[in-house]
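S.K.: Heads up: the protein sequence lines correspond to chains P and Y, in order. So for the first sequence, the UniProt record's numbering puts the first residue at 1; every next one is plus one. So for the second sequence, the UniProt record's numbering puts the first residue at 1; every next one is plus one.
Worth flagging that the hints you see were computed from the coordinates, not collected in a lab. One or more of the hints may lead you astray.
Said to hold, decoys possible - Pairwise CB distance ranges, derived in the manner of DEER restraints: (1) Y:Lys-259 to P:Ser-108: 16 to 26 Å; (2) P:Ser-108 to Y:Gly-255: 20 to 30 Å; (3) P:Arg-30 to Y:Asn-257: 34 to 44 Å.
Note that the Cβ used here is the ideal one computed from N, Cα and C, for glycine as well.
Number of protein chains: 2
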Amino acid sequence: MYKPRAWIINIGNELLIGRIINTNASWIARELTLRGVDVKRIVVVGDDIAEIVGVLRDAIGNADIVVTTGGLGPTDDDKTMEAVAVAVNRPLTLNPDAYRMVREFYESQGYSLTHERLKMALLPAGAKALPNPVGAAPGAYLVEKGTHIFVLPGVPREMEAMFKYVLEKLKPLLPQLCVVEKGILITGMPESSLAPLLKKASRECLDCYVKSHPKGHELEKPVVEVKVLASAEECSKAEAKAEKVLEKLRSLLEGANVKVEEIAH
Amino acid sequence: MYKPRAWIINIGNELLIGRIINTNASWIARELTLRGVDVKRIVVVGDDIAEIVGVLRDAIGNADIVVTTGGLGPTDDDKTMEAVAVAVNRPLTLNPDAYRMVREFYESQGYSLTHERLKMALLPAGAKALPNPVGAAPGAYLVEKGTHIFVLPGVPREMEAMFKYVLEKLKPLLPQLCVVEKGILITGMPESSLAPLLKKASRECLDCYVKSHPKGHELEKPVVEVKVLASAEECSKAEAKAEKVLEKLRSLLEGANVKVEEIAH
Numbered sequence: 001m002y003k004p005r006a007w008i009i010n011i012g013n014e015l016l017i018g019r020i021i022n023t024n025a026s027w028i029a030r031e032l033t034l035r036g037v038d039v040k041r042i043v044v045v046g047d048d049i050a051e052i053v054g055v056l057r058d059a060i061g062n063a064d065i066v067v068t069t070g071g072l073g074p075t076d077d078d079k080t081m082e083a084v085a086v087a088v089n090r091p092l093t094l095n096p097d098a099y100r101m102v103r104e105f106y107e108s109q110g111y112s113l114t115h116e117r118l119k120m121a122l123l124p125a126g127a128k129a130l131p132n133p134v135g136a137a138p139g140a141y142l143v144e145k146g147t148h149i150f151v152l153p154g155v156p157r158e159m160e161a162m163f164k165y166v167l168e169k170l171k172p173l174l175p176q177l178c179v180v181e182k183g184i185l186i187t188g189m190p191e192s193s194l195a196p197l198l199k200k201a202s203r204e205c206l207d208c209y210v211k212s213h214p215k216g217h218e219l220e221k222p223v224v225e226v227k228v229l230a231s232a233e234e235c236s237k238a239e240a241k242a243e244k245v246l247e248k249l250r251s252l253l254e255g256a257n258v259k260v261e262e263i264a265h
Numbered sequence: 001m002y003k004p005r006a007w008i009i010n011i012g013n014e015l016l017i018g019r020i021i022n023t024n025a026s027w028i029a030r031e032l033t034l035r036g037v038d039v040k041r042i043v044v045v046g047d048d049i050a051e052i053v054g055v056l057r058d059a060i061g062n063a064d065i066v067v068t069t070g071g072l073g074p075t076d077d078d079k080t081m082e083a084v085a086v087a088v089n090r091p092l093t094l095n096p097d098a099y100r101m102v103r104e105f106y107e108s109q110g111y112s113l114t115h116e117r118l119k120m121a122l123l124p125a126g127a128k129a130l131p132n133p134v135g136a137a138p139g140a141y142l143v144e145k146g147t148h149i150f151v152l153p154g155v156p157r158e159m160e161a162m163f164k165y166v167l168e169k170l171k172p173l174l175p176q177l178c179v180v181e182k183g184i185l186i187t188g189m190p191e192s193s194l195a196p197l198l199k200k201a202s203r204e205c206l207d208c209y210v211k212s213h214p215k216g217h218e219l220e221k222p223v224v225e226v227k228v229l230a231s232a233e234e235c236s237k238a239e240a241k242a243e244k245v246l247e248k249l250r251s252l253l254e255g256a257n258v259k260v261e262e263i264a265h
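If we strip away everything but chain P, and leave its shape as in the complex, we get (with noise of 0.2 Å):
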């Protein structure tokens, strides 16, 4: 079954001395996932040019999407757009897109275009540039030798905003699969007592993801939530995939003192 391979890319030194949770990682992988999108790699760099090229070319060599977010903003350290065009080996130029989208955003309030908010409308040579509909930056959408590169924002409110695009032009891209998830809480087992079960239970279904949470201290109260991801072409069939490695697991289970509950989503 044929998945697109992502990198999510989070630009940005605030995230780098911790001051910020990568919510965006999250938010985004999660999008991909249910979408059928097999996302391999999330990585964290600042704003610094040789960083994000170094990062953006591996992506590009590994990965079929790309999505980064942050340093597109009207600062000096943004850097995102100029290190997209120095990893693509092209120049950053005034697009046209971005330049009236840029200038809209900033005279129907009245504001000047000044050099700080052109530098929102340089985009690398080639590349689509993607409206904000709730901020100033656009973003920047471009394929390199088969990866579709998506420069979003990094406030996530803005980021959230523009996934839209991404996916109107992930659409020919993105497998016909239904993608789901289901889980069971198991109380009263330690995860080391469940790993061999789990093991047996997992063989039901090969391409399926199943991992084991530990919630509870493995002795004193053992909690483990057990999460299947299953997909498909058809979301009655995923359902029915997961389902079976559940059932195992219930059947394996059976006669021991545990509490097994279903988990809502």
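Since chain P is already given, all that's left is putting chain Y on it; use the hints.
M.R.: The following block gives chain Y in isolation, referenced to the frame of chain P:
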């Protein structure tokens, strides 16, 4: 001013499918940053040996300190120790200290040592076992080509409880630096208008890290947080460096119709 460089590597499919927000990364990043470490990169990879080995080797070539989280549990998809062993070309061996820790953990509660439990006592040859005061799986500490590698569990409560051992081992490596962060909140000026003033103010401290974070809407409700991270051998000097940048910024903002507030820490 010498600052050791660190990479944080978070391992787990659950992070790549967006089921979990990576709070471990920001927690560790904060701890290291405030002790004078320069966190250069955060990478999230799945429970896949080739992926983990790839990023570990990158890290060993680029960082003085590597902290990994996740993949130490008893289940089959917990592959981190094996990957670390491969990355440093050492065999995975039963570590006597780790064996004692795991055995004591289970036997004290009347549990026997199964294959899955013994797995948690397998460490790369030459690694030191790090005790886990709140869980089953020990961590590991090893030095490879001058890079200090710490392998910690992914459960935040366990990882945080074990971080004291990381700091203990790192002590000789940490610079005698006091790192402080100071910030102001500016209401009433778009980030794009603030940008040139910020650039000027930043020149007051070339080794400070100065960053603006838009909090509201660029034009309709402009609120920008400016943070300055400064370090020096003495805290008072670090404070003074940060304050110099903010003072300059305040003076440049004089006369503008803005509200400037201190940010408490």
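S.K.: Could you run down the list of hints and mark each one as holding or not?
M.R.: Outcome of the hint check:
no. : hint                               : verdict
1   : Y:Lys-259 to P:Ser-108: 16 to 26 Å : holds (24 Å)
2   : P:Ser-108 to Y:Gly-255: 20 to 30 Å : holds (26 Å)
3   : P:Arg-30 to Y:Asn-257: 34 to 44 Å  : holds (42 Å)
Checked against the numbered hints above, the structure breaks none of them.
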